[in-house]
Amino acid sequence: MLMIPLPALVSGWKTGTGISLHCHASETYGIIRPVAMITENHSTWTRRLLIKRVAAIAAIMAALFWYACSGESPGGSEILVSAAISLKGALEDIGSVYDERTGVRVRFNFGASGLLQRQIEAGAPVDVFASAAKKHMDELQSRGFIVDESRRDFAGNRLVIAVASRSNLRLESFADLTRQDISRIAIGNPKTVPAGGYAKEALEHLGIWKELEPRLMYAENARQVLDYIVRDEVEAGFIYASDVTLASGKVETAAAVPDNAHSPIRYPVAVVQGSRNLPAAGNFIDLVLSTTGQEILGKHGFTGSGSP
Amino acid sequence: MIAEALKLSLLVVSIATIVIALAGTFLGFLLARYRFRGKDLLDAVLTLPMVLPPTVTGYYLILLLGRRGLLGEPLYALTGWSVTFTWVAAVIASTVVAIPLMIKSARASLESVDPEYEIASKVMGKGELETFFRVTLPLAGRGIIAGVILSFARAFGEFGATLMVAGNIPGKTQTMPLAIYEAVASGEDEQAKWLALILTGISITVVYMTNRLSRPVKRY
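Those sequence lines, one after another, are chains A and B.
If you want this note's numbering, it's the position in the first sequence, counting the first as 1, plus 26.
If you want this note's numbering, it's the position in the second sequence, counting the first as 1, plus 1213.
If you are wondering where the hints come from, they were derived from the structure by calculation, not from laboratory data.
Just to be clear, a hint being listed does not mean it is correct.
No more than 25 Å apart at the CA atoms, straight line, and that leaves these computed lysine-lysine pairs for DSS-like [claimed, not checked]:
1. 1406/B to 1220/B
2. 1406/B to 114/A
3. 276/A to 114/A
4. 276/A to 1406/B
5. 1220/B to 114/A
6. 236/A to 114/A
Modelling step: build the complete structure from the supplied sequences, incorporating the hints.
Quick look at the structure:
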């Protein structure tokens, strides 16, 4: 159906009955004198060539389109869960359990929590929002975008100092970061990356933020911190325990950050206002909070919904 | 995941490219041949998606098309359907981001067509439309095809604006670049590598093949 315009465009060349213009426009005395011949003449072959080429392009496009169109997935009973991308592994596992148990299909929309928040504010048809930080959920809640009584903290995390697995660096404690042989430390940008915010809190709590600040390399997400560590761009970096699980074999925990050094790391989840499938959305949150859900989260390096 | 993302990317990009080819050529023609009030402003606005970070373009689009958006709200009130988070939104995002390439290249190649040929055609009694399709367009053909290829390639790689308005839903709105982002962010390095290789392979093949197809046609 949508392929119609292309042949129509092409037909401009195709249907040509052979008008070829040869203008010898001589500007004698400023008068333009076009000399044209309406013939099937020697330039016809160039047109044929052009048609061939255009037809080839059209054929490629048509083939692509046909291939792409085949097997459009049918819509059924499903819910859409917007979740922080750091939760991907765990939530996908929980999602397949949910599919099995209820027959309702869970679709995920993974991204940075701040982006997901913007989408919900703009009216994206999301049923459940699982955020990596309290802040985004708080903002949505204060503006009435989520169902208040559905909000729960479903997981926690621990902040650790990680080093590359092949690194020889050993840290006795958190305070060892001030050692002179550690010249660069990766940290998520405290303003935009939740893990970075917690790390800054902890460093300030221990009174070494000012001292370390010149050595800190800001990253825009947890994955970038991980990459810096793996590629030896930095000696150490602040990431979550769940990130260490994710990149097991590449990075190792060198020291844990004391939990009391920063505010508790909590992942809130809630049903989004305007969800068209409230019971199914509620059931999904129930499953996340259930023993099964918590076990899966634990396997991916998260702590339970209780105290970390 | 790979097959689904590839399929969706091809669907989105085929439709976007067709829209871009038609609308871009029309807009390029408008800018090349006519003078009107606000032309420079229109040109600037149409170039904007090329210079703005795609996330910003996406942000504007979501303000425009969201269920509470300028256009999205009346649409939702009327039909109960919202364009955000559908593959249509992905088409719109790639179209908007890639169309400046088409407009620029169509405009430049249309401007390079000597108006005397068009005058000659009209002197011979051919109408505007026929002159455009039989004289102007074939003469500007190479530039137009180049524009189509470039915008195809750009649309194929579109990420930022798409993530914003279409979301990142596997099997529904997750195109190749989004699948790569997700695979990288969640540590699925093997999958990320394959996705990236396929994306690169298709892009190179398309650009290379069409470059060959659109080699200069000898005219006389």
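Tested hints:
no. : hint             : result
1   : 1406/B to 1220/B : holds (18 Å)
2   : 1406/B to 114/A  : holds (18 Å)
3   : 276/A to 114/A   : holds (19 Å)
4   : 276/A to 1406/B  : holds (17 Å)
5   : 1220/B to 114/A  : holds (22 Å)
6   : 236/A to 114/A   : violated (35 Å)
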